[in-house]
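Chains as they are written, first to last, in numbering that gives the first Met the number 0: chain A, 0 to 279; chain B, 0 to 336; chain C, 0 to 296.
The set of hints was computed from the structure by calculation and includes no laboratory data. Keep in mind that this is a model prediction, so the values were computed, not measured. Backbone N, C-alpha and C define an ideal beta-carbon position, used for all residues, glycine too. Some hints here could point you the wrong way.
[Said to hold, decoys possible] Capping the alpha-carbon separation at 27 angstroms, the derived lysine-lysine pairs in DSSO-like fashion look like this:
#: 1; chain 1: B; residue 1: Lys-76; chain 2: C; residue 2: Lys-95
#: 2; chain 1: C; residue 1: Lys-42; chain 2: B; residue 2: Lys-77
#: 3; chain 1: A; residue 1: Lys-274; chain 2: A; residue 2: Lys-153
[Said to hold, decoys possible] Listed next, the stretches of chain A that the computed footprint assigns to chain B, with coverage defined by at least 3 CB atoms under 8 angstroms from CB atoms of chain B:
#: 4; stretch: 24-30
#: 5; stretch: 33-39
#: 6; stretch: 90-97
#: 7; stretch: 192-203
#: 8; stretch: 221-232
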Amino acid sequence: MLNDLRQTARQLLADKKVDVVIGYGQADPAGPAYPVFITRPEDTEQLVFNDRCYNNLTTFLTRKEIRAMGRAAVLVKGCDAKSVVVLAVESQIDRQSVVVIGMACNGVGQPSLAKCRTCDVHMPRHTDMVIGQAADHAIEAKDRYAELAEMMSKSASERLAYWGQELSRCVKCYACRQVCPMCYCERCVADKNQPQVIKTSATTMGNLAWQINRAFHLASRCVGCDECTRACPAGINLRLLNLMLAQATEEQFDYRPGMDKDAQPVLGCFSVKDKECFIK
Amino acid sequence: MSEVISARALRELIGGWLKAGIRVAGPRRVATDQVAYAWLDRPEDCLLGGYIHPHNSIKEFFFPRHESLYEYRIEGKKIALKNPEPLADERIVIGARPCDAAAMPILDHVFNWDFKDPFYNRRREQTTVVTLACREHDHECFCTSVGLGPDAERGSDVMLYELDGDMYEVRCVTDKGGNLMAGRTETSQLTGSVPPGPAKKFDLAYLRETIGSKFESPVWTEATLRCMACGACAYTCPTCHCFDIVDEGNARGGIRAKNWDACQFPMFTLHASGHNPRNTQPQRQRQRVMHKFSIYPDKFGDVLCTGCGNCTRHCSVHLGVQTVLEAAEKSWRNATV
Amino acid sequence: MCACEARDNTDSLADGTISRRENIYQPSLMEVLQVRRQSADVKSVRLRFSDEAEGKAFSFKVGQFGIFSLFGYGESVFNICSSSNWKDYIEFCFRKTGRVTNALWNIEEGDTLGFRGPYGNYYPMDAWRGKNLIFIGGGIAMPPIRCAIWYALEQRQDYGDITIVYGARTVGDLVYADELDEWATRERVRVVRCVDPGGETPDWKGEIGFVPTVTEKAGIAASNAVALVIGPPIMIKYTLPVLAKMGLADQDIYTSLENRMKCGVGKCGRCNSGPVYVCKEGPVFTLEQIRLLPEDF
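Looking at chain A on its own, in the form it has when it is part of the complex (with noise of 0.2 angstroms):
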């Protein structure tokens, strides 16, 4: 597998078919993979996979700096190619201009992430090539947010309760939105102060209302990759935020954002369709 992906890039480079493969790179075998940038054939041996590859390198696309060394390859999981097509929809990338290597994974962690005990695309979809094999098995709806359910049967004040006690460790690092790959604002409203709809300060109401906003501008918009929750130094699980959101956009809309390249964004598009039951 790693032979086919070191060829992989290597062609791509040699060929000029790209100028920059987007990969993962590891120092340290006991550490963790980290992004890297290959440019020259010769280095493509730095490219690594295992199950140490955590980041959604598709966050990189929309990067400045990345976007100036020109034509880029990424590679990406399952769940990381579903944001591939969510960018693409959204046209923040030209889907032709980009060559994404899909890598068959099972699972990355140990032991796995809680993304990956509930993954049905073990096999990357939508992508230009997938190196590798895994199996993937199917997931029943209710299992994807099996989690939730301990915490809907709280009451909505031990809820508050809960996120408050979480959000009170929140730094506004932003960590979990610079690596959110759907965080591709130029200037996202936490930066705007004109008017200054989020405070900047790192109280738990500011923080509160940072989260909040930010879950609602991802729903229907979040592939679940939870980069946020692994980049949050404090360990706050906002995977339990985006959950509930992508439950509500599944069951009310039958859409899960980024498992089929033709359907239209849940929030941009109406049909006569909808449910219009979540309007209380």
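Using the hints provided, position chains B and C relative to the given structure of chain A.
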């Protein structure tokens, strides 16, 4: 001969402090797999082991992430200003890591080099730091590379060393620490020691000598292109101290507040004209590392880093002072061969 | 030129209260005496200390800056653009750009603003005695030059010929237009005004062209002269070679850097250009000093 305290007596001591109305902060489990320095409600909240480094640093008890500088009240065309509430409470930080405690004397420089910051200074005076020497380290720790170590005493008022049998050796470093522990310890034959710290990751003397002339080095781009532009490194760092000043309030009044800020945000240096002196992420990373290893030490003598490793540990792309300096040293040494 | 002598603002209040004197972030209150519209998006403001004693005790040197604030909106950094000889009030000038300046646009006489300062170093007006002065400014950079011009005019005998080259995009963008007229009437003062091509009006009598070219064509004598050049980075970049060609040495060319600042007192960590904190070691630098700085401004 040494002074020791049992784990039980230490907890009783914490309980006594809390009962006396002293605010006590220490490592505390705040979520599954998550240990933070936080205010303690009960003595048993305090963790004295089982983690490498809390996800934050003790700087927030001296330089909080959000702090009111004063209140303003708007009365027609007139303004009334009110000073913040007195900072009069006595505080104790217990279970600090040596790399966190060492940050405080380093930060003293910038908050006092010309104008003196009364908020920071008041808290420094009121707070006693009790440090727990380290018996373990992880891949991200590099205290030994910046002249500190698992039992460095810098910035601590008291040092605790774990002994066998649920005991701690107590070494009072300052009078403040001596006063805190007076009469609380017993004399013993046991003395504490710690295993060696992490192996050195880079040559500080070489980097200090070289870095000043490396502003244009390609290594900044090579080593930091993957930076995600968040503030996780700065906000978990014991020595990063950049801040913003903002107004928060309504039409009648509010506060002017000092909030943490980070040099990795593009907005940090954006001019009103739209010009940005640090327009790319590698330029901003260079600023962070040069601030720590060139600008600050040139001004104040101390490197602005204690090797706690939080930057790399909490970075989503495994990028921090250590990884950047390792790459830089390798690149610069190769270039001169 | 360094204004970084140690300051002792400590106070000894035992109850933990941070006194007014100690609180380096707390501004003085100032009353708005006058607001003047200078162009479509620039206004100048005259302020007087609300506390008379504080006003009497206040002094500054031309070139220093202050941190001005509108409560509820925040703080902004501006040069104190009045002459340090004017004792009853200070002035600053702003362009409507961000949150604070958009709110400042609506202030009127009698309103209260906050002021912290003066901060930073200053123009070496003493060292410039006996020299010919060349002032070159672009756009909103006239205010930080204006304070030095007035100061020099008020000690006219101390300085030689004064040449002022001031350009803006359009005629309407020239700020302190009335004062330019007045300066032009003074002895041994030459005022060269210019606007970018297309920015002129039918009755425009000044030059048409960019500041560097106009400066070059103006035939300014450079002997025994110092130049103060402030403006957008691009203007400065192309004006410097012109001054060099005229024969000015790097140590005789001054500018004022405008890096983003928050605290003004060397703590908040954002205004540095390489090793130099602009708020404390600047904002005034000679070209000789700037050449030693990394390109970080």
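Evaluation of the provided hints:
1. Lys-76/B x Lys-95/C: Roughly 21 angstroms separates the two Cα atoms, so the pair holds.
2. Lys-42/C x Lys-77/B: 22 angstroms, holds
3. Lys-274/A x Lys-153/A: Distance of about 26 angstroms is within 27 angstroms: holds.
4. 24-30: holds (count 4)
5. 33-39: Coverage by chain B holds for the stretch 33-39 of chain A (4 residues, Cβ < 8 angstroms).
6. 90-97: That given contact is violated, which follows from only 0 residues of the stretch 90-97 of chain A lying within Cβ reach (below 8 angstroms) of chain B.
7. 192-203: holds (count 5)
8. 221-232: holds (count 4)
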